[in-house]
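**Student:** Please build the complete structure, drawing on both the sequences and the hints.
Protein chains in written order, with the numbering used here: chain A, 224 to 877; chain B, 45 to 149.
Worth double-checking, as some hints may not be accurate.
In silico negatives: residues of chain A with every beta carbon more than 12 angstroms from chain B [as the list claims (entries may be wrong)]: (1) A246; (2) W297; (3) F370; (4) L375; (5) G410; (6) G596; (7) A726; (8) T736; (9) L756; (10) L772; (11) R780; (12) F817; (13) R826.
Heads up, simulated SDA-like pairs for lysine to any residue below, C-alpha to C-alpha not over 25 angstroms straight-line [stated by the list, open to error]: (14) B:K135 / A:L859; (15) A:K605 / A:S776; (16) B:K137 / B:V82; (17) A:K443 / A:A511; (18) B:K137 / A:L859; (19) B:K135 / A:L857; (20) B:K135 / A:Q856; (21) A:K740 / A:L756; (22) A:K282 / A:A726; (23) A:K398 / A:F812; (24) A:K289 / A:P306; (25) A:K282 / A:T566; (26) B:K135 / A:V855; (27) B:K135 / B:E146; (28) A:K282 / A:G744; (29) A:K679 / A:W771; (30) A:K289 / A:F433; (31) A:K605 / A:F676; (32) B:K137 / A:Q856; (33) B:K137 / A:A853; (34) B:K137 / A:L857; (35) B:K137 / A:F854; (36) A:K610 / A:S776; (37) A:K605 / A:R780; (38) B:K135 / A:A853; (39) A:K443 / A:D424; (40) A:K740 / A:L755.
Simulated from the structure, these hints should not be mistaken for lab results. C-beta: ideal position from N, C-alpha, C; glycine also.
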Amino acid sequence: MGPCDPNFLSCFLIVALPLLSFAVIMIFTWRRHRLSLAISLTCSTIPLILAWSLFFRLKDTVTLAKPIVTQVNWLVSDAVIVPFGFLLDPVSLLMLGIVATISWLIQIYSIGYMEGDPGFARFYADLSLFGMSMLSLVSASGMLQLFISWELVGLASYLLIGFWYEKFSASEAGKKAFVVTRFGDIGFFMGLVFLTFFMKDINIFGLGIFDINNAALTKKLTEAQFTLCALLIFCGVAGKSAQFPIHVWLPDAMEGPTPVSALLHSATMVAAGVYLITRLFPFFAASATAMTVVLVISTITLLLSSTIGMVAKDIKQVWAYSTVSQLGFMAMGLSAAALGGSTLFAGYYHLTTHAAFKALLFLCAGVFIHHFGTNDFFVMSKDGGRKLAIPMVTVTIGALALAGIFPFAGFFSKEAILAQLWHLPNKLWVGLGLFGAFLTAYYTFRVIFVMLFPRKDDDPVWQEYYVREEGGHGHGAHDDDHGHGGHHGVPWVMSFPLIVLAAFTLVLGFLQTPLEKFLLGESHPHEMNYVLLFSAVGCALGGIGVAWLDWGSANARWQGFIRKVPALENFFIQKWYMDHFWRWFLNTFIYGTFSRIFTYNDRRVVDGGVDAVAFSTIGSGRLLSFIQTAFVQLNLLFMVLVLAGVGLYLLMGR
Amino acid sequence: MLVFNQLETYLYLALLLFAIGLYGVLARRSLIAILISVELILNAASINFMAFNRFLAPHPAVGQVITLFIMAVAAAEAAIALSIIVAVYRKLKSINIEHATELRG
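**Tutor:** Rendered as structure tokens:
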């Protein structure tokens with residue numbers, strides 16, 4: 224399994240080429256946009272081909288229990304050996320393909336979207352870095368390698384979110400994303416350290432994913448130890464996947480260019496967290512306590528973000544909150560499966576389908592934003608958003624998938640997750656899941672209906688809109704100032720990815736059985752649970768119906784049903800006061816307590832200590848300066864006398 | 045002629061040279077004189093090495109090597125010291141060591 228192994232070589236190329244492209248563009252060709260584009264596209268097309276050829280070559284030979292691991296020694300220092308290698312099993316093979324595909328499509332799309340931007344080459348370099356880090360995260364064989372890629376993903380997202388760094392809000396958003404996810408990563412790393420500490424016979428460098436899962440399967444650690452490690456690692460997951468208390472960075476991350484949001488929200492960054500749970504699924508499943516915590520947090524996330532999505536006016540904000548809620552949904556599915564003794568399929572399947580339709584939704588939003596120069600979908604509607612035929616059709620397909628309508632991909636994967644929740648003894652969870660599905664359908668179709676059925680300028684509903692505008696909330700003013708405003712058609716480089724992704728969205732749903740067979744090695748026959756099926760479809764259709772009454776039909780007032788409870792609406796508009804909470808938290812605890820103590824320490828102890836050393840040096844220098852008599856020979860005489868004394872002592876004193 | 049074939053003779057000679065050199069370094073005020081006295085001290089050391097080598101060392105060349113080193117070092121030291129003296133002279137218009145008092149504490 225050395226470096227000449229064909230699997231290793233393919234994986235290595237998949238990871239190394241985008242990195243090479245990043246380096247070459249950043250160092251050599253950053254002035255030349257066309258050349259950089261060519262380099263970056265080449266270095267993402269080859270991994271795409273390699274990833275899928277690996278997938279089709281190995282799909283019959285690997286299973287979850289028998290992955291292919293190819294490793295070489297990266298660093299060797301005495302007993303410490305840091306391996307570098309790749310773990311190929313169904314989970315990582317499929318994800319490699321998805322990540323490579325989506326980042327390739329987004330690179331194609333960005334040709335149109337970023338055209339004429341002064342940072343064009345830099346954008347492609349960062350995209351390459353992003354692709355590289357996610358691909359290496361997906362295929363990493365050891366936890367250390369995974370952690371390094373995990374941090375690289377964070378770095379790349381920081382660079383891309385703050386891509387238009389001249390804009391203050393963009394650089395702030397990048398910083399926020401970086402710091403908040405890092406906050407979670409502390410937990411992740413501590414979890415790894417504890418894990419190696421408990422496992423005893425292995426150090427953190429050699430800690431493989433397989434080792435962790437094996438330890439879980441063989442009950443090598445006690446339940447409490449598993450719980451501690453799982454919860455700490457989940458901190459990292461929560462940071463990356465924007466779960467409840469630390470989800471606040473994700474909506475702000477909309478400051479980046481829209482293709483970045485699409486990439487961030489579908490196959491990379493946020494998917495990394497959920498991917499980690501699937502990766503370590505047996506390990507997480509070993510602790511029921513931790514899984515219950517995950518279930519609770521993900522349910523809160525689902526409800527929180529879908530309710531905020533109901534009142535947002537920025538199309539990217541709506542999709543961002545829907546991403547948060549769908550990630551919560553995936554985590555719910557995974558934790559429910561773990562608690563119910565089931566498999567990781569439901570959550571992972573939703574991750575797959577979500578990657579397709581969420582990328583689609585964001586790219587469509589990007590077309591509208593590019594075309595109209597605004598992020599506000601009410602304004603897009605007024606300016607004739609529905610005249611852009613291809614994006615309008617594809618965004619509707621994406622929305623139908625997100626809402627979970629047959630026969631689109633989201634329907635099947637949501638159904639799978641709800642089935643997992645259904646198996647839990649407490650029916651509260653499936654109820655909340657269904658409620659989340661209802662809200663998802665509602666806010667999704669709020670956007671679609673507003674865009675599809677524009678009102679005239681003198682329609683009374685606009686007053687409603689302006690009233691809300693004066694409320695002075697939300698991100699309505701956050702325009703992508705990049706838009707040209709020119710009303711040209713949609714260039715094919717931008718519509719082509721939309722069509723491909725829409726096709727995926729249509730097809731993926733029917734691949735459930737083959738995918739399950741591929742992932743688990745066998746396909747469980749689905750007993751149709753008609754109660755659940757009908758209630759799920761009912762919730763989705765109900766959500767769409769309510770959205771139609773509120774936003775779509777000719778006499779709709781453009782008032783959400785939530786308007787009936789103004790306090791609640793305000794609560795949602797203020798995003799559950801989470802940003803306020805963190806601001807307060809920062810001010811009180813970080814700035815108010817820690818910073819104050821540390822400042823005091825810095826001023827008094829550190830600075831004071833240095834000053835004291837300096838002053839005492841000066842003082843003692845003054846005291847002893849009489850020795851410097853300027854009579855060299857006197858000094859010399861002393862020297863000779865002392866030396867003579869020492870010599871005499873040595874000769875006779877003994 | 046027995047006196048020339050004894051270790052003590054050379055040690056006394058070296059001691060004398062060393063004492064003269066030390067006196068010169070401590071008592072003379074001229075920098076040039078001090079430099080010459082330092083050379084005397086170095087030569088006293090060389091004589092010691094040669095004497096011990098001649099009368100006590102099992103191998104005849106060890107002390108000679110050291111002496112050659114001392115000669116080379118003395119040459120270098122003389123060059124540097126002379127250039128320092130020239131610099132001092134340019135600065136103070138004097139090579140009297142008692143005039144070099146700028147670093148008085």
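**Student:** Look at each hint and say if it fits the structure.
**Tutor:** Do the hints match the structure? See the list:
The claim that A:A246 lies off the interface holds: its Cβ sits roughly 51 angstroms from the closest Cβ of chain B, which is beyond the 12 angstroms cut-off. No Cβ of chain B comes within 12 angstroms of the Cβ of A:W297; the nearest lies about 50 angstroms off, and the non-interface call holds. For A:F370, the requirement that its beta carbon stay farther than 12 angstroms from each beta carbon of chain B is met, with the minimum near 58 angstroms. The beta carbon of A:L375 is kept farther than 12 angstroms from every beta carbon of chain B, the shortest such distance being approximately 56 angstroms.
Annotated as non-interface, A:G410 keeps its C-beta farther than 12 angstroms from every C-beta of chain B; the closest such distance is 59 angstroms. Taking the minimum C-beta to C-beta distance to chain B, about 74 angstroms, the non-interface status of A:G596 holds against the 12 angstroms cut. Non-interface call for A:A726 relative to chain B: holds, since the shortest CB-CB distance, roughly 85 angstroms, exceeds 12 angstroms. The claim that A:T736 lies off the interface holds: its Cβ sits roughly 90 angstroms from the closest Cβ of chain B, which is beyond the 12 angstroms cut-off.
Chain B leaves A:L756 outside its interface by the beta-carbon criterion, the shortest separation being 96 angstroms against a cut-off of 12 angstroms. Its beta-carbon lying about 94 angstroms from the closest one in chain B, A:L772 satisfies the requirement of being farther than 12 angstroms from that chain. Every Cβ of chain B is farther than 12 angstroms from the Cβ of A:R780; the closest lies at roughly 91 angstroms, confirming the non-interface assignment. Its beta-carbon lying about 47 angstroms from the closest one in chain B, A:F817 satisfies the requirement of being farther than 12 angstroms from that chain.
A cut-off of 12 angstroms between C-beta atoms confirms that A:R826 is not in contact with chain B; the least separation is 34 angstroms. Taken as a hint, the B:K135 and A:L859 pair is honoured in the structure, with Cα atoms around 23 angstroms apart against an allowance of 25 angstroms. Distance hint between A:K605 and A:S776 is fulfilled; the C-alpha atoms sit about 16 angstroms from each other, no more than 25 angstroms. Restraint check for B:K137 and B:V82: the C-alpha separation of about 23 angstroms stays at or below 25 angstroms, so the hint holds.
Straight-line distance between C-alpha atoms of A:K443 and A:A511 comes to about 16 angstroms, which keeps the hinted pair within the 25 angstroms bound. Between B:K137 and A:L859 the CA atoms are separated by roughly 24 angstroms; this keeps the pair inside 25 angstroms, and the hint holds. Simply put, B:K135 and A:L857 have alpha-carbon atoms about 22 angstroms apart, close enough for the 25 angstroms limit, and the pair holds. A C-alpha spacing of about 20 angstroms is found between B:K135 and A:Q856, which places the hinted pair at or below 25 angstroms, so the restraint holds.
Of the supplied pair hints, the one linking A:K740 and A:L756 holds, its CA atoms being roughly 22 angstroms apart against a limit of 25 angstroms. Taking the CA atoms of A:K282 and A:A726, the gap is near 22 angstroms; set against the 25 angstroms cutoff, the hint holds. Of the supplied pair hints, the one linking A:K398 and A:F812 holds, its CA atoms being roughly 20 angstroms apart against a limit of 25 angstroms. At most 25 angstroms may separate the alpha-carbon atoms for a hinted pair to count; A:K289 and A:P306 meet this at roughly 19 angstroms.
A hinted pair counts as satisfied when its Cα atoms are at most 25 angstroms apart, and A:K282 with A:T566 qualifies at roughly 19 angstroms. For the given pair, B:K135 sits about 17 angstroms from A:V855 by alpha-carbon distance, which is consistent with the 25 angstroms threshold. Simply put, B:K135 and B:E146 have alpha-carbon atoms about 11 angstroms apart, close enough for the 25 angstroms limit, and the pair holds. A C-alpha spacing of about 10 angstroms is found between A:K282 and A:G744, which places the hinted pair at or below 25 angstroms, so the restraint holds.
Between A:K679 and A:W771, the direct Cα distance comes to roughly 18 angstroms. Compliance with the 25 angstroms bound is thereby established for this hinted pair. Among the hinted pairs, A:K289 with A:F433 is consistent with the structure: their alpha-carbon atoms are about 10 angstroms apart, no more than 25 angstroms. Distance check on the hinted pair: A:K605 and A:F676 sit about 9 angstroms apart at the alpha-carbon level, within 25 angstroms; holds. Between B:K137 and A:Q856, the direct Cα distance comes to roughly 20 angstroms. Compliance with the 25 angstroms bound is thereby established for this hinted pair.
Straight-line distance between C-alpha atoms of B:K137 and A:A853 comes to about 17 angstroms, which keeps the hinted pair within the 25 angstroms bound. The straight-line distance between the Cα atoms of B:K137 and A:L857 is roughly 22 angstroms, inside the 25 angstroms bound, and the hint therefore holds. Restraint check for B:K137 and A:F854: satisfied, since their Cα atoms lie roughly 18 angstroms apart, inside the 25 angstroms limit. About 19 angstroms separates the Cα atoms of A:K610 and A:S776, which keeps this hinted pair within 25 angstroms; it holds.
About 16 angstroms separates the Cα atoms of A:K605 and A:R780, which keeps this hinted pair within 25 angstroms; it holds. Between the alpha carbons of B:K135 and A:A853 the distance comes to roughly 16 angstroms, so the proposed pair stays at or under 25 angstroms and holds. Distance hint between A:K443 and A:D424 is fulfilled; the C-alpha atoms sit about 11 angstroms from each other, no more than 25 angstroms. For the proposed pair A:K740 and A:L755, the alpha carbon gap of about 23 angstroms is at most 25 angstroms, so the pair holds.
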